[in-house]
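K.L.:
Below are the chains, spelled out letter by letter.
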Amino acid sequence: MIVNKDTIAQLAKENRRLDNRSLTEFRSPIEIETNISWTAEGSAKVRIGETVVMAGVKLSIEKPYNDTPDEGGIMVNAELTPLSSPEYEPGPPGMKAIELARVTDRGIREAKAIDMKKLCIIPGEKAWFVIVDIITINDAGNLFDAAGLATLTALKSAKYPVVDKETGAIDYKQKTDIPLPLTKEPLPITVYKINGSLLVDPTSEEEKTYDARLTVASDSDGTISALQKGGNMPLTIDELSKMLDIALEKSNFLREELNKALNV
Amino acid sequence: MSKIIVEERSIVIPGEILAEGMDFLPGDNTFRENNQIYSKVLGLANISGRVIKITPLSGPYVPKAGDKIIGKVTDIAFSGWRVDTATAYSAMLNVKDATSRFIRKEEDLSKILAIGDYIVVMITNVTSQNLIDLTMKEPGLHKISGGRIININSQKVPRVIGKKGSMISLIKQNTGCDITVGQNGLIWLKGSPDGEFLAEKAIKLIENKSHQEGLTEKIEQFLEKNKVNN
Amino acid sequence: MAYKKRLDGREIEELRPMEAKAGVIKNAKGSASFKIGKTWAIAAVYGPREIFPRFLADPTKGILRCHYTMMPFSGSGERIRPGKSRRAQEISMVMENALEPVVDLSAFPNSVVDVFVELPQTDAGTRCAAISAASIALADAGIPMKDMVSSVAMGQVDGTVIADLNYGEESYPAIVSDIPVAMLHNSKEISLLQMDGEITKDDLIKAMELAKVATEKVYELQKKALKEKFTNE
Numbered sequence: 633m634i635v636n637k638d639t640i641a642q643l644a645k646e647n648r649r650l651d652n653r654s655l656t657e658f659r660s661p662i663e664i665e666t667n668i669s670w671t672a673e674g675s676a677k678v679r680i681g682e683t684v685v686m687a688g689v690k691l692s693i694e695k696p697y698n699d700t701p702d703e704g705g706i707m708v709n710a711e712l713t714p715l716s717s718p719e720y721e722p723g724p725p726g727m728k729a730i731e732l733a734r735v736t737d738r739g740i741r742e743a744k745a746i747d748m749k750k751l752c753i754i755p756g757e758k759a760w761f762v763i764v765d766i767i768t769i770n771d772a773g774n775l776f777d778a779a780g781l782a783t784l785t786a787l788k789s790a791k792y793p794v795v796d797k798e799t800g801a802i803d804y805k806q807k808t809d810i811p812l813p814l815t816k817e818p819l820p821i822t823v824y825k826i827n828g829s830l831l832v833d834p835t836s837e838e839e840k841t842y843d844a845r846l847t848v849a850s851d852s853d854g855t856i857s858a859l860q861k862g863g864n865m866p867l868t869i870d871e872l873s874k875m876l877d878i879a880l881e882k883s884n885f886l887r888e889e890l891n892k893a894l895n896v
Numbered sequence: 012m013s014k015i016i017v018e019e020r021s022i023v024i025p026g027e028i029l030a031e032g033m034d035f036l037p038g039d040n041t042f043r044e045n046n047q048i049y050s051k052v053l054g055l056a057n058i059s060g061r062v063i064k065i066t067p068l069s070g071p072y073v074p075k076a077g078d079k080i081i082g083k084v085t086d087i088a089f090s091g092w093r094v095d096t097a098t099a100y101s102a103m104l105n106v107k108d109a110t111s112r113f114i115r116k117e118e119d120l121s122k123i124l125a126i127g128d129y130i131v132v133m134i135t136n137v138t139s140q141n142l143i144d145l146t147m148k149e150p151g152l153h154k155i156s157g158g159r160i161i162n163i164n165s166q167k168v169p170r171v172i173g174k175k176g177s178m179i180s181l182i183k184q185n186t187g188c189d190i191t192v193g194q195n196g197l198i199w200l201k202g203s204p205d206g207e208f209l210a211e212k213a214i215k216l217i218e219n220k221s222h223q224e225g226l227t228e229k230i231e232q233f234l235e236k237n238k239v240n241n
Numbered sequence: 005m006a007y008k009k010r011l012d013g014r015e016i017e018e019l020r021p022m023e024a025k026a027g028v029i030k031n032a033k034g035s036a037s038f039k040i041g042k043t044w045a046i047a048a049v050y051g052p053r054e055i056f057p058r059f060l061a062d063p064t065k066g067i068l069r070c071h072y073t074m075m076p077f078s079g080s081g082e083r084i085r086p087g088k089s090r091r092a093q094e095i096s097m098v099m100e101n102a103l104e105p106v107v108d109l110s111a112f113p114n115s116v117v118d119v120f121v122e123l124p125q126t127d128a129g130t131r132c133a134a135i136s137a138a139s140i141a142l143a144d145a146g147i148p149m150k151d152m153v154s155s156v157a158m159g160q161v162d163g164t165v166i167a168d169l170n171y172g173e174e175s176y177p178a179i180v181s182d183i184p185v186a187m188l189h190n191s192k193e194i195s196l197l198q199m200d201g202e203i204t205k206d207d208l209i210k211a212m213e214l215a216k217v218a219t220e221k222v223y224e225l226q227k228k229a230l231k232e233k234f235t236n237e
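Residue numbers (this note's numbering), protein chains in the order written: chain F, 633 to 896; chain G, 12 to 241; chain X, 5 to 237.
The set of hints was computed from the structure by calculation and includes no laboratory data.
Do not rely on the hints blindly, as some may be mistaken.
[As the list claims (entries may be wrong)] Within a straight-line C-alpha distance of at most 25 Å, the following computed DSS-like cross-link-like pairs (lysine-lysine) qualify:
| no. | chain 1 | residue 1 | chain 2 | residue 2 |
| --- | --- | --- | --- | --- |
| 1 | G | 220 | X | 25 |
| 2 | F | 637 | G | 154 |
| 3 | G | 215 | X | 210 |
| 4 | X | 30 | F | 805 |
| 5 | X | 42 | F | 791 |
| 6 | F | 807 | X | 42 |
| 7 | F | 637 | G | 64 |
| 8 | X | 228 | G | 64 |
| 9 | G | 14 | X | 228 |
| 10 | X | 42 | F | 805 |
| 11 | F | 637 | G | 212 |
| 12 | X | 9 | X | 25 |
| 13 | G | 220 | G | 154 |
| 14 | X | 30 | G | 215 |
| 15 | X | 228 | F | 840 |
| 16 | F | 645 | G | 212 |
As the structure is a prediction and not an experimental result, all values here were calculated from the model.
Isolated chain F, as found in the complex (with noise of 0.2 Å):
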């Protein structure tokens, strides 16, 4: 709505939003549920105020690529679901939606936070493949950062399934107790700029405003892995230097979430 994101963009300048949060406070309630689905290796809910997002991680035994004989790989896509916003229609994934999976993916894969090496089965032959979907069930704002954790969490949750030993058959009604090698936690954080302010965890109205926005994937020390700049403005790095700030303290927050619901 323009009357709208003419107040937001004035709000923003004097430090304020439409729903009265400080700009670097995430909506409540944050929710995150594992195992949500059987059929899935791992699988995960996240609630970051409205917006709901799912996310499945399917297994399977591949040839490994040619190039990395001695390792597994990963994949991520992403479905922005019509019943998850009036926005989004049927049909092949759009613009947003590979955007979406990208940027989520390389925050897994160039943290390299899987053990691919740990994948493999027999070199050259067959390894395992990770397969995560994210499915958004409500769209109401910053579906990089809830993506991003529920991706996290699914991959965390997920357990591999039992192989036959003499077929080499997955059975994937049968899991065992052993989980992904998963070697780090990076979660992204999006910060936006919108009339000269920063903000995170924006609404969908909020989103709608932007000038530029950065998405970052970053570890739990610190480390950096995965930048994804959007939106028509630029930056300055005076600009950059305070939104990594800001996205490495979010990440930890998030983590921090995360953990927390984990060890209930």
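Could you slot chains G and X onto chain F? The hints should help.
P.N.:
Relative to chain F, chains G and X alone:
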């Protein structure tokens, strides 16, 4: 023998039996089949004398002539503007119904209303195919600038306005906001940021609690507790 | 050796544990979550809204459109590739046929009401769960309806007519039939009927009698879910 099956103000679902026998009459959102009267929507049962009707708890806005609504300009045509009414039907606002000023043939209509602008308008005519004509020439009809627009279920609009406008006056007084309620469920709030925020919360509270008794007291208490200094 | 003892120990007419909730998706006009056993359907209703492409519009009434989707990780085997399969398209169509008899869109000519159903996990009976969820979501959206539609799969395993087959029963090594049924609550008319497998006429009629009882249990839960949305606040 006739009898009422549901209680006054109870929640009923589509297809639920409300009454038996011919002594009762099916009112709004109900229908008779054989000897029974059934509900046609999810709503609250409302029995007055022999008539049973259902007040819906949700559902689409049906455009009516005389209704004031808030719309969004989506296109500029040769002789006017196409307006999104937040329903399945877009409407036309003709140049002559938008302003009493003389408009020259070659004048740029986007200088008057641009795509994306929100406007408070009145429905002047609805055809059987739900083609809608609008006017912006009556008092209180205008282009919107500043403040915020929120969206509620249009079925809750009467509760937000209240009896003779009592509810909306209550909110205006306690928040210092100007509030324009569109019958299509779009509401424009303009005041201080705190005032707008409080008004939005109060209206959302009405939307969620509209089926409960003692709504006015609840809203009074809510506004009292969260008072803003204007 | 007839099928006397069910694989999961249920009585022949017993449904798996069910859960239902209305109003689970904020953006939608109406929505519902419906679980039966390990099958889970989430439904959202959008509209009445403008229909695209325009030539689909009906000037006498609004159109009901259903979209059934299994999430890629919701199958009990390998990942399902995203995108409309022929199976999903057929199920979407029979869902429309199952719901249309109760939905009255005469006040909304040229418009469309879209029902989207996503399934996060499945264990047989998915189209039935989808229809039961969709019916709650349509009512929640305030769409005029003359009745609710409730749906459960009936079946016959090795000569025994049972209600609500799970995947293990669907693939039982004997003569099996899987009969998804949807019924209108008041009239007990059948608005969805399909079958895979083999069955005698007598057993089929018996299955329909059992369906009346089974769909009634679904109906009671649908009704409860809709009313709870307003009493739990």
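K.L.:
Now look at each hint and say whether the structure bears it out.
P.N.:
Going through the hints against the structure:
1. G:220 - X:25: holds (18 Å)
2. F:637 - G:154: Given that 25 Å is the threshold and the Cα spacing comes to 16 Å, the pair holds.
3. G:215 - X:210: The hint is violated at about 50 Å.
4. X:30 - F:805: With Cα atoms ~34 Å apart, residue 30 (chain X) and residue 805 (chain F) exceed 25 Å; violated.
5. X:42 - F:791: Holds. Residue 42 (chain X) to residue 791 (chain F) sits at ~19 Å (cutoff 25 Å).
6. F:807 - X:42: This hinted pair holds, its Cα atoms lying about 16 Å apart.
7. F:637 - G:64: Cα-Cα ~41 Å, so violated.
8. X:228 - G:64: Given that 25 Å is the threshold and the Cα spacing comes to 21 Å, the pair holds.
9. G:14 - X:228: holds (24 Å)
10. X:42 - F:805: holds (13 Å)
11. F:637 - G:212: Distance of about 19 Å is within 25 Å: holds.
12. X:9 - X:25: Answer violated: residue 9 (chain X) to residue 25 (chain X) is near 32 Å, above 25 Å.
13. G:220 - G:154: violated (31 Å)
14. X:30 - G:215: Since the Cα atoms of residue 30 (chain X) and residue 215 (chain G) sit roughly 13 Å apart, the hinted pair holds (cutoff 25 Å).
15. X:228 - F:840: violated (38 Å)
16. F:645 - G:212: Measuring from Cα to Cα gives roughly 23 Å; hence the hint holds.
When the structure is compared with the earlier hints, violations turn up for hints 3, 4, 7, 12, 13 and 15 and for no others.
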